[in-house]
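**Q** Hey, can you work out the whole structure from these sequences and the hints?
Those protein sequences? They're chains C and L, same order as listed.
The number in my numbering is simply the position in the first sequence, starting from 1, with 6 added.
The number in my numbering is simply the position in the second sequence, starting from 1, with 288 added.
Careful: at least some of the hints might be erroneous.
Quick list of in silico lysine to aspartate or glutamate cross-link-like pairs, DMTMM-like style, CA-CA up to 20 angstroms [what the hints assert, rightly or not]:
| hint | chain 1 | residue 1 | chain 2 | residue 2 |
| --- | --- | --- | --- | --- |
| 1 | C | Lys309 | C | Glu329 |
| 2 | C | Lys390 | L | Glu291 |
| 3 | L | Lys452 | C | Asp380 |
| 4 | L | Lys452 | L | Asp395 |
| 5 | C | Lys390 | L | Glu455 |
| 6 | C | Lys406 | L | Asp466 |
| 7 | C | Lys373 | L | Asp466 |
Simulated from the structure, these hints should not be mistaken for laboratory data.
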Amino acid sequence: MTHKLLDISDLHIALPYGADRPHAVEGLSIALAQGETLCVVGESGSGKSLLGRAVMGLLPAPHVHVDQGEINFNGEDIVKTSYDRLRQIRGSEISMIFQEPMTALNPVMTIGDQIDEIFRFHVDMPGKVRAQRSLKLLEDVNLPDPVHIMAAYPHQLSGGQRQRAMIAMALALDPKILIADEPTTALDVTTQAQILKLIKDMQIAYNTGVLFITHDFGVVADIADRVVVMQKGLVVETGTVEQVLNHPEHPYTKGLIAAVPRLQPRKARKRSDEVVLNVHQLNKTFGSERRLFGFGKSGRVVKAVQNVDLELRRGETVGVVGESGSGKSTLARCIIRLMENDSGKIILDGTDINELGRAAMRPWRAKIQMVFQDPFASLNPRIKVGDIISQGPVIQGYSKAEARNTAMDLISIVGLDERAYDRYPHEFSGGQRQRIGIARALALKPEILIADEPVSALDVSIQAQILNLLDEIREQMNLSMIFITHDLRVAAQVCDQLAVMRYGEIVETGATAELFAAPQHSYTQALLAAVPGQDWKQEAQVDPAVA
Amino acid sequence: MIEFWKLYSRSHSAVLGLGILGLVIFVAAIAGLIFPDDPFRLAGQPMSLPGTNGFLLGSDTLGRDVAAGIAHGAKTSLLIGLVATLAAVFIGIFFGALAGYYGGRIDDMLMRITEIFQTIPSFVFAILLVAIMKPSIESIVIAITVVSWPGVARLVRGEFLSLKNREFVQACHTLGMDDLRIMMREILPNCLSPIIVIGSLMVATAILIESGLAFLGLGDPNIMSWGFQIGAGRTMLRSAWWVCTFPGIAILVTVLAINLVGEGLNDALNPRLRERR
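**A** Below you can see the structure in the form of structure tokens.
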């Protein structure tokens, strides 16, 4: 039996008065052993992040505090220990990595200085030795050219490099426990795979206990030894990764796991012969804007979209997949003419809408609509839901009464209560807001719907609902859809055709099933290989116990 | 509205400021009733101490009632502060919205114009304008407006710049909404809070500028104002302290009250500060 590093018993974390529940975490008891990875999984609001902070003694007191239970770390109770002792523990015995390395690193200090700081605060050693240790650490986390990186500032590194530097800092003093709070959520899938592997390797090398907080079951399958599932502050299920993922007991866990999209392409459907939208040699470049009086040097030029061809047929969903910065969102905005394109053709119903001016474009707007990514930013907080939905028809010349009827119908089609009409967006949850966004897009009865990462801001159970809704609507209204996503698992579920984008270019296209079975381009292969939780998925397919 | 008051009344100083401001407005409103005569009228013995010869706050060198001057001056100060601010906010929104929304050349051009106004020290500029246009209540309002709109324009431009790329605005573009409607109905309501806050603080600045102008003898000669009273009494500061002191206190208290209200509005309207309980 390995040594118990962390033993949390009956932990209650109190929330300030007026919060949606009195305790963020209630009656939680977990233990972490040396060399073990314990994954805490839950949806947003489950209290998992506060748990991580509580272990670090970093709760935002006095509003949020531990009011019952203990966090036993090697015989010391973190809850009761003194502030000075806590400072000693933090960084040297328990350390933490965060979701967004850019905000967790100090932007005006070099990486070398920031690592050096940890040594200076916690141990007494000469500067030369500290520098050597820092360099060694950066080598250990596989950063290329560590000498150069020591002198670099955080903004000069990529997201993956920053997260590696964070991990180097966290491991600087050989901590007993590493708390990782969604460390890969902000990263691209290929980088995520590398970081997960790094954490695993480091853990084996240092025999660290890792408390890994995540919402992604794919990541859990890849990294966890044991799993704790949390729902609204309560632990609903604990067990080994095998037990929880393949034989879940609690209905909530079952639901969550069922909602996780599988990397299994949907059944191929017959392709229609009717092409509704044809994008031909589209180009978009950023950053060549000239200034008044010609002052200042012209900025860096980014080719966001390069010679893109895309064909959308009636009733099908074409997925555009790629990592951040691949130009997929720009492509969506170019197609719907939110941005001026440099060159190319966008042929809709035999007309090149790329040529049209703003006024001439207006009647065409109704044919092509968009669903946006962020349900909190895409609805005007000052306008009532009913008006948000009926705006479109009113602009396109329908009467107020007609627009109101359309809006009412749509509210019920997207599964909301009719009373939503007279309420403001802030009264709705993320998933409900996304439904409102979909209703707005449908109000003009479009032929084409462009969905730009419509589910990436949502929890996995809500994700599944929204994807189902989009599918139903596409059937009902005979829509053709362009679906932008970074998540191949989501793409697999909804897309008939896929286009893989990198650096503004489409590197590969094809029917989803064919593309998944035999990816041609090396980048597509890398993307597919990096999707987390693949081993588990294969098991799950074999295992009849998981329905 | 009730919710807003709850947020606002969390700060005691803001409530105090509102109370004082209410009092000043009340005095200005009833000035004609309690002092029905012209405040320029020679009402009695010159240089009377406060409380003597029937003068509550004393009389000046010519025997004018200081208290009557303050009551009538309150009307002038508030009126000029309010009208000038409204005009400045209106112009500022116009310029700022166009610059922020359209960007590019239009933005460059409008912002260079704004900078021309911002580079001239505002009080000197106001003196210059009033001197050219002849002192009158209209010219003072115009001068204050001209020197105070650039701040609003900058603020509104910044708000428009950040809001125009929000997804809800882009959604309006995809619906085919025209620019004017997007600016007025979609973006402007979302940047009203900072405009209200800066506007309330501008009223205080406007009152100060007006007093300064009147002190220098550039006020409207036919209208009583606090600055004029201080200017008239300054030569007698040592022998008749009350002539300058009471109008000075009136200015201090009013400006302070408006600033407190502005702060309070800022705390209540700014969602980031709202968390800070």
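**Q** Does each hint fit the structure? Answer for all of them.
**A** Here is how each hint holds up against the structure:
1. C:Lys309 with C:Glu329: 15 angstroms, holds
2. C:Lys390 with L:Glu291: Given that 20 angstroms is the threshold and the Cα spacing comes to 19 angstroms, the pair holds.
3. L:Lys452 with C:Asp380: 15 angstroms, holds
4. L:Lys452 with L:Asp395: Judged against 20 angstroms, a Cα distance of about 14 angstroms means the pair holds.
5. C:Lys390 with L:Glu455: Cα-Cα ~16 angstroms, so holds.
6. C:Lys406 with L:Asp466: Roughly 18 angstroms separates the two Cα atoms, so the pair holds.
7. C:Lys373 with L:Asp466: 17 angstroms, holds
In terms of the numbered hints stated before, the structure departs from none.
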